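Novice: So you can see what is in the structure, the chains are spelled out below.
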Amino acid sequence: MVIYGVALLSFCMLVGVFAGDILGDLIGVQANVGGVGIAMLLLIILSNLSHSKFSLGDPTEKGIGFWSAMYIPIVVAMAAKQNVIAAVSSGWMAIVAGVAAVVVSFAMIPVLSRFGADDQHDS
Amino acid sequence: MILESLAAVLEKNALITAFAFVGILVWISYEISARLTRGHIHGSAIAITLGLVLAYLGGRATGGNSGLADFGLLTGVGIMGGAMFRDFAIVATAFGADISALKRAGVVGAFSVVIGVVLSFVVGALVAVLFGYTDAVSISTIGAGAATYIVGPVTGTALGADSGVIALSVAAGLTKSVLVMIGTPLVAPRIGLNNPHAALIYGGLMGTTSGVAGGLAATDPKLVPYGAMTATFYTGVGCLLAPSVLFLLVNAVV
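So the protein lines, in turn, are chains A and B. Under the numbering used here, the first sequence is numbered contiguously, ending at residue 125. Under the numbering used here, the second sequence is numbered contiguously, ending at residue 1358.
Hints listed in this document are in silico derivations from the structure and should not be mistaken for laboratory results. Mixed in with the good hints, there may be bad ones.
What the hints assert, rightly or not - Here are some, though not all, of the chain B residues that point toward chain A, as calculated from beta-carbon distances under 8 Å:
(1) TYR1134
(2) ALA1138
(3) SER1170
(4) MET1184
What the hints assert, rightly or not - Listed next, the in silico EDC-like pairs over lysine to aspartate or glutamate satisfying Cα-Cα at most 20 Å (straight line):
(5) B:LYS1326 x B:ASP1202
(6) B:LYS1116 x B:ASP1174
(7) A:LYS64 x B:ASP1202
(8) B:LYS1326 x A:GLU63
Keep in mind it's a predicted model, so treat the numbers as computed, not measured. We put the CB at the ideal spot given by N, CA and C, even for glycine.
In isolation and in its complexed conformation, chain A is listed as follows (with noise of 0.2 Å):
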């Protein structure tokens, strides 16, 4: 049933973000601690898990899928709620720091990308 699959999604994804708000009242930051990345890695643990021991099943699947395809029209949304004007109109100090962390981040990319990247010309 599709309805499974959106639940484990849902599932996942309540989980992740309550370990991530837990994690980050542990170490003591008013902010979620990688909640969606533990969600994501529950997906990926249970998915795998039920492709041995029980089959996930079309339906399932096409719940989650759905979601996922979904992704890029969200993102669409997102980038047309943002604070712009903001980002823009508060001077130049503000948009040079900006600019500035980006070019300086994007050049680090292919200095970290060479470790542990030997075998990694498959894809």
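Position chain B relative to chain A; hints supplied.
Specialist: Chain B alone, transformed into the frame defined by chain A:
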């Protein structure tokens, strides 16, 4: 009369209106991609850029801070593009992700988050110094804002920074996330962002969840789960390091 009842229907079914609206927006973008750029610029990159332009125009017209979603008819765009649906869809993309790629890049991925936070913080702090800030609290707050627009205010509040400085730190973070969304597909070939391994590192270095989400969607949707996975730890690590270790460092140097 007819227009009024149409507006009432659209407003009452806000989320459904948003689905229809975004559908049209995406369709227009893919048409532009195919006809005007012959597919050279990906449709989703155009759609995201178009979304940002509309957000700018919406902000101009309404004076609000949620872009297009401040229009009564388009409040659903705010729900659809809000953190709840965004995170739900991000988690869904993990289905079918390659576990071995995750394992292989585990250590480098964790490493990249810490390097990313420190790097953005230092760059932001240097810019603050260049623009004449001399107190450690303001410099740290702006540096934290260059990490993400959540780390900035969290740090500023913890350190007791001036509200104007906190607003600047949010603006720096917003600039970063907008630029990451638009810039990623353009620089991806040059920085080797075409495999899960690089995407994990990219997510860790950039850290802005919305920027990474938009940037990878426009570059190659298959890479989304890897970048999103590391990016989700960034804000937490930033909130941990910026008001503590990094602030103490700035305080020692200034």
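Novice: Next, verify each hint and record whether it holds.
Specialist: Outcome of the hint check:
Given the 8 Å rule on beta carbons, the hint for B:TYR1134 is violated: about 11 Å separates it from the nearest Cβ of chain A. Given the 8 Å rule on beta carbons, the hint for B:ALA1138 is violated: about 16 Å separates it from the nearest Cβ of chain A. A least Cβ separation of about 5 Å between B:SER1170 and chain A falls short of the 8 Å threshold, and the interface hint therefore holds. A distance limit of 8 Å between C-beta atoms decides the matter here; for B:MET1184 the minimum to chain A is near 4 Å, and the interface restraint holds.
A hinted pair counts as satisfied when its Cα atoms are at most 20 Å apart, and B:LYS1326 with B:ASP1202 qualifies at roughly 10 Å. Taking the CA atoms of B:LYS1116 and B:ASP1174, the gap is near 15 Å; set against the 20 Å cutoff, the hint holds. Our distance criterion of 20 Å between C-alpha atoms is met by A:LYS64 and B:ASP1202, whose separation comes to about 19 Å. For the suggested pair B:LYS1326 and A:GLU63, the alpha carbons sit about 17 Å apart, so the restraint of at most 20 Å is met.
Checked against the numbered hints given earlier, this structure breaks hints 1, 2; the rest are met.
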